[in-house]
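Residue strings, one per chain:
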Amino acid sequence: MKTKLTEGLKTRRMKDGDMLRLLVIFAVSFLVMTILEPNIFFTKKYIVSMASLFPEYGILSLAMMLAMISGGIDLSIVATANFSGIIAIKFLIRFYPEGASALTNALFLLAVLVIAICVGALCGMLISFLIAKIGIPPMLATLGGADLIMGASLVLTKGSSVNGIPAFFAEVGTKTLFGFLPVPVIVFAVCALIVSFLLNRTSFGMKLKMMGSNPTASRFSGINNGKITFNAYVLGGMLSAVAGLLMISRANSARADYGKSYVMQTIIICVLGGTNPNGGFGKVSGVTVAILILQVLSSGFNMFPQISNFYRNIIWGAVLILVVIYNHLSEKYRVKKMAQAMEKKKSESALQK
Amino acid sequence: MKKLLKRNEFYVSVVIVLLIILIQGKSGQFFTSNNLVDLARSCILPGILTLGITIEIIAHSIDVSFPAIAMITMYSVTEVATSAGYTGPVWILFLAAALMGTVLGSINGVLAAWLKLPTLIITLATSSIYMGIMQGVLKCRVIAVMADPLERLSETYLFVAQNKESGLTSPLPVLFLLLIAVIIVVGVMLKYTMLGRSIYAFGGDPVSAQRAGFNTVFIQIFVFAFMGCLAGLGGMTRTVLTGSCQPTTLDGYEMTCIAAAVLGGTRLSGGVGTVKGSLLGVLLMMIVSNNLILLGIPTYWSKFVTGVFIILGIGISSYQALRAQRVLSASVLETAPAEKDAKEAVRK
Chain A
29 MKTKLTEGLK TRRMKDGDML RLLVIFAVSF LVMTILEPNI FFTKKYIVSM ASLFPEYGIL
89 SLAMMLAMIS GGIDLSIVAT ANFSGIIAIK FLIRFYPEGA SALTNALFLL AVLVIAICVG
149 ALCGMLISFL IAKIGIPPML ATLGGADLIM GASLVLTKGS SVNGIPAFFA EVGTKTLFGF
209 LPVPVIVFAV CALIVSFLLN RTSFGMKLKM MGSNPTASRF SGINNGKITF NAYVLGGMLS
269 AVAGLLMISR ANSARADYGK SYVMQTIIIC VLGGTNPNGG FGKVSGVTVA ILILQVLSSG
329 FNMFPQISNF YRNIIWGAVL ILVVIYNHLS EKYRVKKMAQ AMEKKKSESA LQK
Chain B
438 MKKLLKRNEF YVSVVIVLLI ILIQGKSGQF FTSNNLVDLA RSCILPGILT LGITIEIIAH
498 SIDVSFPAIA MITMYSVTEV ATSAGYTGPV WILFLAAALM GTVLGSINGV LAAWLKLPTL
558 IITLATSSIY MGIMQGVLKC RVIAVMADPL ERLSETYLFV AQNKESGLTS PLPVLFLLLI
618 AVIIVVGVML KYTMLGRSIY AFGGDPVSAQ RAGFNTVFIQ IFVFAFMGCL AGLGGMTRTV
678 LTGSCQPTTL DGYEMTCIAA AVLGGTRLSG GVGTVKGSLL GVLLMMIVSN NLILLGIPTY
738 WSKFVTGVFI ILGIGISSYQ ALRAQRVLSA SVLETAPAEK DAKEAVRK
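Going down the list, the sequences are from chains A and B.
Numbering of the first sequence is given in the numbering used here, commencing with residue 29 and proceeding in unit increments.
Numbering of the second sequence is given in the numbering used here, commencing with residue 438 and proceeding in unit increments.
Don't take every hint at face value.
To be verified - Result set (SDA-like, lysine to any residue): computed pairs, CA atoms no more than 25 Å apart in a straight line: (1) A/364 <-> B/709; (2) A/161 <-> B/552; (3) A/161 <-> B/726; (4) B/553 <-> A/65; (5) B/553 <-> A/222; (6) A/311 <-> B/708; (7) B/463 <-> B/709.
Stated by the list, open to error - Reference excerpt, derived from the structure (chain B facing chain A, CB under 8 Å, subset only): (8) 543; (9) 547; (10) 554; (11) 555; (12) 563; (13) 568; (14) 622; (15) 623; (16) 624; (17) 707; (18) 709; (19) 751; (20) 755.
As the list claims (entries may be wrong) - FRET-style restraints, in silico, Cβ to Cβ: (21) B/749 <-> A/141: 32 to 42 Å; (22) B/761 <-> A/248: 12 to 22 Å; (23) B/453 <-> A/254: 28 to 38 Å; (24) A/369 <-> B/759: 40 to 50 Å; (25) A/379 <-> B/760: 52 to 62 Å; (26) A/367 <-> B/540: 53 to 63 Å; (27) B/761 <-> A/254: 17 to 27 Å.
Hint data in this document are derived by calculation from the structure and do not stem from the laboratory.
Source: prediction; values computed, not measured.
Glycine is no exception: its CB is placed at the ideal position from the N, C-alpha and C atoms.
Work out the full structure: start from the sequences and follow the hints.
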């Protein structure tokens with residue numbers, strides 16, 4: 029009874045309340061930052077630089093969201109991103125000819141993308157095999173898998189960074205089209221559209237949500253849970269690989285331990301964006317706005333050199349806990365209110381009889 | 438005999454023996470006195486922390502914030518003691534660290550009991566906060582020369598072992614006694630006290646535990662607080678063992694400890710786990726990480742190799758649980774003729 033109520037409420041809340049609340053938070057944080065430092069923050073240059081930063085962990089957040097909707101969590105996204113990036117880049121460095129034409133550049137770019145995505149998919153397969161076939165809880169499978177994958181990157185790179193990446197690769201990743209549209213944003217938009225399409229318009233999305241909200245029920249209604257888990261984590265691995273390429277092109281080098289803090293950030297983004305960490309619910313739009321909020325906050329803090337980078341850890345942690353507490357309390361309040369309304373209805377109908 | 442084959446401890450012991458034979462055969466260096474003492478020494482810290490995480494996993498919780506708790510308590514206590522020129526007895530410092538750890542740990546516990554969210558998310562958040570406080574607010578740095586009592590303790594040994602051939606010496610720190618004390622306390626608590634049994638009951642099935650009259654909120658807060666306490670002690674142990682206070686030294690330690698506990702047969706779904714098993718898990722992890730060099734494997738392979746062991750260890754115990762579950766559900770689903778077989782399978 030109670031669970032049914034909360035499920036119903038969650039879907040309703042996702043529809044109206046959450047999105048509005050997120051947009052308000054975004055607008056307020058943007059305004060506050062603009063008022064605090066209008067000369068730095070509200071300039072085209074700063075906004076474009078913000079826009080070229082968020083896609084990296086934005087795409088990772090999409091991967092995390094998929095895992096969370098399935099009722100799990102994916103802590104291996106960053107390791108996968110680095111690993112697939114390193115392999116693809118090693119290929120590029122090995123085979124890229126001197127003074128290649130634009131056409132070969134394009135071909136090589138495509139090849140790098142394909143290789144990275146394939147490797148990412150392989151990592152996802154490994155993880156989903158551990159979860160679905162061996163029965164390791166997602167959290168530990170991905171935590172242990174992350175160790176394994178990162179260990180593999182360390183073996184490949186012998187612990188140092190990979191340099192000497194052909195210049196065109198970094199150029200493509202940091203280019204700004206029409207003077208305001210960075211390439212990473214386009215990549216993010218494509219990824220977001222694909223994920224959104226899969227979640228809302230395909231049976232896979234529906235099954236994923238059903239499995240996340242109740243794996244037993246979905247199994248008994250004929251859904252192949254193992255296959256859905258497989259798809260979710262493979263898709264997550266592919267997305268991570270794309271993010272890995274973006275990370276490499278921005279840093280112009282590859283390392284086994286880039287972007288370690290992104291794992292934490294993506295969890296915050298997903299929870300902030302209305303994804304249910306217990307599984308079953310999550311929306312691309314909510315996550316996207318949450319990504320923007322986090323980027324505004326983090327770029328905003330960057331304007332103040334007296335705020336050390338380490339304070340960000342505190343802020344992210346505190347934001348995560350506060351959001352979780354807020355969700356918990358509002359959930360409780362609504363269930364209570366709904367239950368009261370039901371009671372009232374019952375007594376009224378009893379009176380009528 | 439069949440019972441023995443089902444236990445994780447048995448498999449871990451077999452793997453340990455095989456590994457030892459392999460290492461001894463390849464390098465002939467395993468059974469030298471200094472290598473054995475080194476092994477005992479390296480087990481102190483993971484031993485203490487793994488026992489804490491074992492209790493938590495038994496209570497169906499997971500904690501990734503204990504390295505952060507260990508680091509922040511170790512840094513604060515050492516920093517205060519050093520800058521104040523503390524000269525009193527050293528156990529007071531350990532007590533202070535244990536208390537501070539308990540407080541930080543119980544914050545996790547309160548949040549977990551209250552919010553009923555995956556404890557991973559809660560402890561990830563608090564871990565980030567603790568690290569931020571340590572690095573941002575306290576502006577941590579390496580303390581090379583610590584307060585006198587700590588320096589003295591780090592040079593107090595139970596005995597010094599010497600390798601007769603190579604002349605290398607390895608001392609066994611007095612803190613080994615702390616590990617033994619923790620083992621005894623945890624072992625007695627889990628096995629012979631009401632509290633210990635209630636932890637098992639809670640981990641096995643929280644709802645039934647509550648109906649049976651256990652105070653589940655208290656249990657959950659207690660396991661996190663106890664982990665915090667052990668983390669505080671562990672942090673101090675680390676400073677004393679390394680002879681200096683390096684604030685970020687325990688980064689990423691959580692996986693080693695969780696893996697050791699799970700290798701030793703602690704079931705992630707809660708309710709199952711022993712002190713003996715976890716200690717064997719620690720021993721296995723430490724043999725692997727200590728002796729890779731003796732096997733001639735380059736150090737940058739170490740993360741990969743430990744990763745393989747972690748996956749294997751967790752995989753074996755999870756797979757057993759999965760199979761047990763399948764047998765159980767099959768026995769429920771299947772009809773009368775199959776019932777006999779299924780019953781037998783359950784009995785096994």
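Status of the hints after comparison with the structure:
1. Between the alpha carbons of residue 364 of chain A and residue 709 of chain B the distance comes to roughly 36 Å, so the proposed pair goes past 25 Å and is violated.
2. For the suggested pair residue 161 of chain A and residue 552 of chain B, the alpha carbons sit about 31 Å apart, so the restraint of at most 25 Å is broken.
3. This hinted pair does not check out: residue 161 of chain A and residue 726 of chain B have alpha carbons roughly 28 Å apart, beyond 25 Å.
4. Using a Cα cut-off of 25 Å, the hinted pair residue 553 of chain B and residue 65 of chain A is violated, with the two alpha carbons roughly 40 Å apart.
5. Proposed proximity of residue 553 of chain B and residue 222 of chain A is contradicted: the alpha carbons are some 33 Å apart, above 25 Å.
6. Note on residue 311 of chain A and residue 708 of chain B: the hinted pairing is violated, with a Cα-Cα distance of about 35 Å set against a maximum of 25 Å.
7. Only pairs whose Cα atoms come within 25 Å are accepted, and residue 463 of chain B paired with residue 709 of chain B is rejected, the gap being roughly 37 Å.
8. A hinted interface residue such as residue 543 of chain B counts as satisfied when its beta carbon comes closer than 8 Å to some beta carbon of chain A; here the least separation is about 15 Å, so the hint is violated.
9. Taken as an interface hint, residue 547 of chain B does not check out: its beta carbon lies about 11 Å from the nearest beta carbon of chain A, beyond 8 Å.
10. At its closest, the beta carbon of residue 554 of chain B sits 6 Å from a beta carbon of chain A; the interface hint therefore holds under the 8 Å criterion.
11. Interface restraint check: residue 555 of chain B against chain A, minimum CB-CB distance 6 Å, threshold 8 Å, status holds.
12. For residue 563 of chain B, the shortest C-beta to C-beta distance to chain A is roughly 6 Å, which falls under 8 Å, so the interface hint holds.
13. A distance limit of 8 Å between C-beta atoms decides the matter here; for residue 568 of chain B the minimum to chain A is near 5 Å, and the interface restraint holds.
14. Hint status for residue 622 of chain B: violated, given a least beta-carbon distance of 27 Å to chain A, over 8 Å.
15. A least Cβ separation of about 22 Å between residue 623 of chain B and chain A goes past the 8 Å threshold, and the interface hint is therefore violated.
16. The restraint placing residue 624 of chain B at the interface with chain A is violated, with a minimum CB-CB distance near 25 Å, outside the 8 Å limit.
17. Checking residue 707 of chain B against chain A: minimum C-beta separation of about 11 Å lies over 8 Å; hint violated.
18. Against a cut-off of 8 Å between C-beta atoms, the interface hint on residue 709 of chain B is violated, since the closest Cβ of chain A lies about 14 Å away.
19. Below 8 Å, beta-carbon pairs count as interface contacts, and residue 751 of chain B has one with chain A at about 5 Å; its hint therefore holds.
20. At its closest, the beta carbon of residue 755 of chain B sits 4 Å from a beta carbon of chain A; the interface hint therefore holds under the 8 Å criterion.
21. Distance hint for residue 749 of chain B and residue 141 of chain A: a CB-CB separation of about 33 Å, consistent with the stated range 32 to 42 Å.
22. A beta carbon spacing of about 20 Å between residue 761 of chain B and residue 248 of chain A agrees with the range 12 to 22 Å that was offered as a hint.
23. Take residue 453 of chain B and residue 254 of chain A: their Cβ atoms lie about 33 Å apart, and the range 28 to 38 Å holds.
24. One distance hint, 40 to 50 Å for the beta-carbon pair residue 369 of chain A and residue 759 of chain B, holds here, with the actual separation near 43 Å.
25. The hint said 52 to 62 Å for the Cβ distance between residue 379 of chain A and residue 760 of chain B, and at roughly 56 Å that hint holds.
26. Taken as a hint, the range 53 to 63 Å is violated for the pair residue 367 of chain A and residue 540 of chain B, whose Cβ atoms sit roughly 37 Å apart.
27. Hint check: residue 761 of chain B to residue 254 of chain A, Cβ distance near 18 Å, so the stated range 17 to 27 Å holds.
Hints 1, 2, 3, 4, 5, 6, 7, 8, 9, 14, 15, 16, 17, 18, 26 from the list above are not met by this structure, while the remaining hints are.
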